[in-house]
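*Asks:* For this one, chain A is given, so just place chain B on it according to the hints.
First to last, the sequence lines map onto chains A and B.
If you're matching positions, the first sequence starts at 1 in the numbering used here and goes up one per residue.
If you're matching positions, the second sequence starts at 320 in the numbering used here and goes up one per residue.
Hints were generated in silico from the structure; no laboratory data involved.
Where a beta carbon is used, it is the ideal one built from N, C-alpha and C, also for glycine.
Keep in mind that a hint or two might mislead.
Claimed, not checked - Listed below are several chain A residues computed to face chain B (Cβ distance under 7 angstroms; list not exhaustive):
| hint | residue |
| --- | --- |
| 1 | Leu4 |
| 2 | Leu81 |
| 3 | Val82 |
| 4 | Phe244 |
| 5 | Ala248 |
Claimed, not checked - Among the chain A residues that face chain B by a calculated CB cut under 8 angstroms, a handful are:
| hint | residue |
| --- | --- |
| 6 | Tyr116 |
| 7 | Glu126 |
| 8 | Ala131 |
| 9 | Leu200 |
| 10 | Gly201 |
| 11 | Val202 |
| 12 | Thr204 |
| 13 | Val288 |
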Amino acid sequence: MLALAALHWLAPLVLNPYYATILARIGIAIIAAVSLQLVNGVTGQFSIGHAGFMGLGAYASAAFSVYLGAALLDSLGASGLVRFLYFPLPLVCGGLVAAAAGLVVAVPTLRLRGDYLAIATLGAGEIIRIAILNVDAVGGARGFSLASASHTAVDLRFESLAGVYAVAAVSVAAIARLVYSGGGLAFRAVREDEIAAESLGVPTTRVKVEAFLVSSFFAGVAGALFAHTEGYIHTNSFGFVRSFELVAFVVLGGLGSLSGAIIAAAVLTAAPELLRGLGEWRMVLYSVLLIATMILRPQGLLGQRELLGLWKSHGAARS
Amino acid sequence: MENLLQQLLNGVTWGSIYALIALGYTMVYGVLRLINFAHGEVYMMGAMTGYYAARWLGVAGTPSVAGLVGVLIASMIVCGLLGALIERVAYRPLRGAGRLAPLITAIGVSLLLQNAGQLVFGADPKFFPPLLESHEVLRAGEVAISNIQLTVLVTAVLLMGALEYIVQRTRFGRAMRAVSYDAPAAALMGVPVDRVITGTFVLGSMLAAAAGILVGLANPKIDPLMGLMPGLKAFVAAVLGGIGSVPGAMAGGLLLGVIETLVTGYLSSTYRDAIAFVILVLILLYRPTGLFGAPQTEKV
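Here chain A stands alone, though its shape is the one from the complex:
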């Protein structure tokens, strides 16, 4: 809490807006990576269409803010407290819409296994993206700006870095509680051996759908944060390239390790910016580093371990 408060008051003084944007993106990447880790690493179901849910959350929350939130903020007066109380609303809205889509995608596709599931999620992600691209109310191919046409004075952007990290902390804590609780063992049982888990009475389909539902909810929250910090969104940000990037966070961090996903998300999001001094070569070097790290550590940075013993001991005590 103290750190967040310090971040809230000090960040605008110390950081220039460029660094603040990068830090916000890292926070968002962490939420997306940890949510994907729940499905890919912990439950062992391979999804490569996660950006679609992020995009849906981003657009749903942006539409909520532009078409409802602007009027609401205008009538209540845009004081700090009102804004503080308002901003969780579009985030939850984005999360819920993404979770609903997650349910629609999960129920039929989770019958598939392995590569076929991965391919189906890739297709689902692209369908979501192209569907949004064809909705004119959210800008279509022009992209969608977070500005209301009738309430022009209201600023719908959310610029508090502390806010981003508060949401990230809550999201990570929620997923960690879920994964390292007694019930969380069911996720890992499905990953280790689906047939064995089923024969021991684990409702495998339900467990998989649950993981997918929670995962797409937080992907939607990440997307909603993205929309409200950037102030402008375009479906190009939520294509399969973005999905692949999220998969890279998860695999590079170590499948099943939440802290690994956090580290990989932070490093891989910061890397292109840190390499900016190299000019045009930076993305070339970034891809070479990605390939090299994967070859040197195929199990990912942390493997299945966690960096903080806290989470692990919680689950181990009951197992």
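*Replies:* Chain B in isolation, oriented as in the chain A frame:
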């Protein structure tokens, strides 16, 4: 009616290009169970190599069949070597390290080729030199076929015929089928598995290079990011036909090309990209092994 026939013809032409790319995905999946996401970039490199080869060979300004064949062969050789290099550097070190690590290096190679391509070739679109002068060769009523469409179709059919011959009738093809069926058993029987895998990458990359040249002929604007969407669509085509199945990739590619062209022609071009993925999800739900794949049973 004539419009429909014309659309079908265009669809088959475009579909044969998908089919050529899809073959590379399906063959690599067959021997390695790896989705080679860098394959779309090999196709891009094919078109780019063709662009430069046409200049070096001095055929860029003078359209001729000999020039086209020269450019095609040059590009196929370069991309064949590129495919072998990618396999050696990015996939072989990870053999036995599970299935996900190579998937990430595949994404890494894809990013690398896109970004290196933008750096080396420039991010702006280039215009593929006209290796053939475009004219109509056949016209029946409203339906016309140009020599370029005919060249695309004939080249694609010849290459697929050659591939079918290699897979079914040569020692290498038999080794490839053996590795695809059961790699450890093939290794025990003395099949040099690593060499077969390299050979598979070379073959697949050569076909992708040919697809790149044919696209350059039909649709001359080429750029370093051109491989992304066609690569993914060709992958959908491979799944549609049954991933791992060579005739399946051919049929899937043609089918996808025709469906896309019909959707663009009769519904809306904005849904063109979505239709491929809708087909993908439907086929996975109702027939996950594709049109030509054999169902698999799971052993406990």
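*Asks:* For each hint, tell me whether it holds in the structure or not.
*Replies:* Checked hints:
Annotation: interface hint on Leu4/A violated; nearest CB of chain B at approximately 33 angstroms, more than 7 angstroms. Because the smallest distance between the Cβ of Leu81/A and any Cβ of chain B comes to about 43 angstroms, over 7 angstroms, the interface hint for this residue is violated. Interface hint status for Val82/A: violated, as the beta-carbon distance to the closest one in chain B is roughly 39 angstroms, over 7 angstroms. Hint status for Phe244/A: holds, given a least beta-carbon distance of 5 angstroms to chain B, under 7 angstroms.
Restraint check, Ala248/A versus chain B: the minimum CB separation of about 6 angstroms is within 7 angstroms; hint holds. Checking Tyr116/A against chain B: minimum C-beta separation of about 5 angstroms stays under 8 angstroms; hint holds. Hint status for Glu126/A: holds, given a least beta-carbon distance of 4 angstroms to chain B, under 8 angstroms. Because the beta carbon of Ala131/A sits about 7 angstroms from the nearest beta carbon in chain B, less than 8 angstroms, this interface hint is met.
At a threshold of 8 angstroms, the smallest CB-CB gap from Leu200/A to chain B is about 14 angstroms, leaving the interface hint violated. At its closest, the beta carbon of Gly201/A sits 17 angstroms from a beta carbon of chain B; the interface hint therefore is violated under the 8 angstroms criterion. At its closest, the beta carbon of Val202/A sits 16 angstroms from a beta carbon of chain B; the interface hint therefore is violated under the 8 angstroms criterion. Of the supplied interface hints, the one on Thr204/A is violated, with its beta-carbon coming no nearer than about 13 angstroms to a beta-carbon of chain B, more than 8 angstroms.
For Val288/A, the interface hint holds, the least distance from its beta-carbon to any beta-carbon of chain B being 6 angstroms, beneath 8 angstroms.
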